[in-house]
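K.L.:
Modelling step: build the complete structure from the supplied sequences, incorporating the hints.
Heads up: the sequence lines are chains S and B, in that order. Per my numbering, the first sequence runs over residues 7 to 296. Per my numbering, the second sequence runs over residues 459 to 578.
If you're looking for bench data, these hints aren't it; they were derived computationally from the structure. C-beta: ideal position from N, C-alpha, C; glycine also. Each hint should be verified, as a subset may be incorrect.
Stated by the list, open to error - Quick list of in silico lysine-lysine cross-link-like pairs, DSS-like style, CA-CA up to 27 angstroms: (1) B:K569 / B:K460; (2) S:K158 / S:K8; (3) S:K78 / B:K536; (4) B:K523 / S:K78; (5) S:K158 / S:K59; (6) S:K281 / S:K246; (7) B:K492 / S:K122; (8) B:K536 / S:K115; (9) S:K8 / S:K52; (10) B:K536 / B:K460; (11) B:K460 / B:K492; (12) S:K246 / S:K8.
Said to hold, decoys possible - One-sided and incomplete, this derived list gives chain B residues near chain S with beta-carbon spacing under 10 angstroms: (13) N502; (14) A505; (15) Q507; (16) K533; (17) A541; (18) A571.
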Amino acid sequence: MKIAIASGKGGTGKTTLATALAQAAAQPVQLLDCDVEEPNAHIFVKPQWTNHKDATIAIPVLDTTRCTNCGKCGELCQFNAIVTIANQTMIFSDLCHSCGGCVLVCPEKALQEQPKTIGYIDTGHSGEITFIKGTLVIGEAMSPPVIRQVKKTAAADQLTIIDCPPGTSCPMMTAVNGSDFVLLVTEPTPFGLHDLKLAVETLRSMDIPFAVVVNRAGCGDDKVDHYCRNEQISLLLQIKDDRRVATAYSRGDGLLSALPELATQLRSLLTEIEKRINQAQGQTQGGGTQ
Amino acid sequence: MKIAISTTGNTLDAAIDPRFGRAARFLIYDLDDKTFTLVENEQNLNAAQGAGIQAAKIIADNEAKAIISGQCGPKAFKILSAAGITIYPCDAGSVAEAIELYTAGALQPAKDATVEGHWV
Numbered sequence: 007m008k009i010a011i012a013s014g015k016g017g018t019g020k021t022t023l024a025t026a027l028a029q030a031a032a033q034p035v036q037l038l039d040c041d042v043e044e045p046n047a048h049i050f051v052k053p054q055w056t057n058h059k060d061a062t063i064a065i066p067v068l069d070t071t072r073c074t075n076c077g078k079c080g081e082l083c084q085f086n087a088i089v090t091i092a093n094q095t096m097i098f099s100d101l102c103h104s105c106g107g108c109v110l111v112c113p114e115k116a117l118q119e120q121p122k123t124i125g126y127i128d129t130g131h132s133g134e135i136t137f138i139k140g141t142l143v144i145g146e147a148m149s150p151p152v153i154r155q156v157k158k159t160a161a162a163d164q165l166t167i168i169d170c171p172p173g174t175s176c177p178m179m180t181a182v183n184g185s186d187f188v189l190l191v192t193e194p195t196p197f198g199l200h201d202l203k204l205a206v207e208t209l210r211s212m213d214i215p216f217a218v219v220v221n222r223a224g225c226g227d228d229k230v231d232h233y234c235r236n237e238q239i240s241l242l243l244q245i246k247d248d249r250r251v252a253t254a255y256s257r258g259d260g261l262l263s264a265l266p267e268l269a270t271q272l273r274s275l276l277t278e279i280e281k282r283i284n285q286a287q288g289q290t291q292g293g294g295t296q
Numbered sequence: 459m460k461i462a463i464s465t466t467g468n469t470l471d472a473a474i475d476p477r478f479g480r481a482a483r484f485l486i487y488d489l490d491d492k493t494f495t496l497v498e499n500e501q502n503l504n505a506a507q508g509a510g511i512q513a514a515k516i517i518a519d520n521e522a523k524a525i526i527s528g529q530c531g532p533k534a535f536k537i538l539s540a541a542g543i544t545i546y547p548c549d550a551g552s553v554a555e556a557i558e559l560y561t562a563g564a565l566q567p568a569k570d571a572t573v574e575g576h577w578v
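P.N.:
Written as structure tokens, this is what we have:
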């Protein structure tokens with residue numbers, strides 16, 4: 007079972023909820039920090055690190071002794087990462103999306119793909135949690151390849167909780183892609199609602215079942231509740247606005263250290279999600295009970 | 459010899475486009491017979507990335523030996539330099555004024571990119 011914790015707006019509590027869910031699970035669980043531009047779930051999980059590896063992408067390297075500057079590679083490249091000009095072919099690797107097209111189209115076999123490190127994947131353990139963190143190297147622009155490599159590092163058949171990057175663009179979509187269920191964390195504010203709507207639109211277009219969790223409930227207005235009711239979106243959990251959570255957070259302690267009584271609710275949430283996934287799968291298989 | 463000027467209009471009286479990679483179009487001016495042609499840059503205007511790279515290719519493919527524009531980023535600078543094209547940053551009002559300044563030798567060639575690279 008793969009559950010992604012996403013949001014439109016940043017800072018709504020994705021990491022807070024993802025780490026608390028993993029800690030409350032009371033079973034072996036994988037927690038993936040896919041917010042690779044600013045991974046911070048490890049602060050709350052405090053894992054013992056056991057593995058470190060590079061996250062790489064393939065970029066073309068030119069053999070100038072073979073290249074005839076015919077320009078076919080540059081004509082093919084949709085990202086302007088390679089150009090032939092005045093009898094010189096130049097590669098701009100930071101624009102490359104690793105499609106490999108230039109290598110295929112080169113009639114002289116002058117281009118070869120070589121790995122370039124753009125990030126790191128770290129694995130660690132804390133209690134029953136297997137923690138996998140992706141980190142994008144500062145200055146690199148493309149996080150989706152690192153996110154994909156974090157997900158690939160995880161075992162397929164275990165309860166998996168994915169802490170996603172904020173927003174609704176490629177990094178968020180890469181992180182939620184392939185999940186069985188998404189929890190959208192929002193806050194009861196105009197900003198929270200605005201970006202929640204964008205996230206809902208994104209998940210509907212991706213056809214992934216989801217529900218909403220309201221964090222800091224009581225700090226704003228009730229427009230998120232109204233929106234969810236009108237759109238027939240389940241609001242599965244409200245986490246009260248509580249100063250103790252912020253105090254714990256500032257010390258690097260998670261939600262459950264401030265509000266341990268939430269653990270029961272979080273376990274019920276996991277059970278509810280599992281039920282909904284099974285129902286959805288039953289429907290797609292054309293089954294369902296009489 | 460030909461020179462290129464980034465412009466928002468279609469005539470010599472038109473304004474210089476201060477953008478290079480995302481200029482509306484380029485006016486290619488022939489200094490010998492004092493005629494010009496226009497080359498559209500629409501594809502790069504809407505490119506997600508690498509607009510400067512392709513704009514530099516347009517200048518080279520049109521055999522201009524100099525480009526007069528507002529700004530030039532690091533990737534375009536690299537290509538233009540490799541192609542032996544001189545870059546003249548210029549804040550003149552019109553294309554005609556820029557050509558006048560160029561022929562009078564009043565423009566200073568850029569020794570490096572004038573702005574940082576950027577993502578859209």
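K.L.:
All hints are to be evaluated individually against the structure, with a verdict given for each.
P.N.:
Hints, one by one, checked against the model:
{"no.": "1", "hint": "B:K569 / B:K460", "in the structure": "holds (21 angstroms)"}
{"no.": "2", "hint": "S:K158 / S:K8", "in the structure": "holds (13 angstroms)"}
{"no.": "3", "hint": "S:K78 / B:K536", "in the structure": "holds (20 angstroms)"}
{"no.": "4", "hint": "B:K523 / S:K78", "in the structure": "holds (24 angstroms)"}
{"no.": "5", "hint": "S:K158 / S:K59", "in the structure": "holds (13 angstroms)"}
{"no.": "6", "hint": "S:K281 / S:K246", "in the structure": "holds (25 angstroms)"}
{"no.": "7", "hint": "B:K492 / S:K122", "in the structure": "violated (49 angstroms)"}
{"no.": "8", "hint": "B:K536 / S:K115", "in the structure": "holds (25 angstroms)"}
{"no.": "9", "hint": "S:K8 / S:K52", "in the structure": "holds (22 angstroms)"}
{"no.": "10", "hint": "B:K536 / B:K460", "in the structure": "holds (20 angstroms)"}
{"no.": "11", "hint": "B:K460 / B:K492", "in the structure": "holds (10 angstroms)"}
{"no.": "12", "hint": "S:K246 / S:K8", "in the structure": "holds (26 angstroms)"}
{"no.": "13", "hint": "N502", "in the structure": "holds (8 angstroms)"}
{"no.": "14", "hint": "A505", "in the structure": "holds (7 angstroms)"}
{"no.": "15", "hint": "Q507", "in the structure": "holds (5 angstroms)"}
{"no.": "16", "hint": "K533", "in the structure": "holds (6 angstroms)"}
{"no.": "17", "hint": "A541", "in the structure": "holds (4 angstroms)"}
{"no.": "18", "hint": "A571", "in the structure": "violated (13 angstroms)"}
Consistency with the previously given hints fails for numbers 7 and 18, ordered from lowest to highest.
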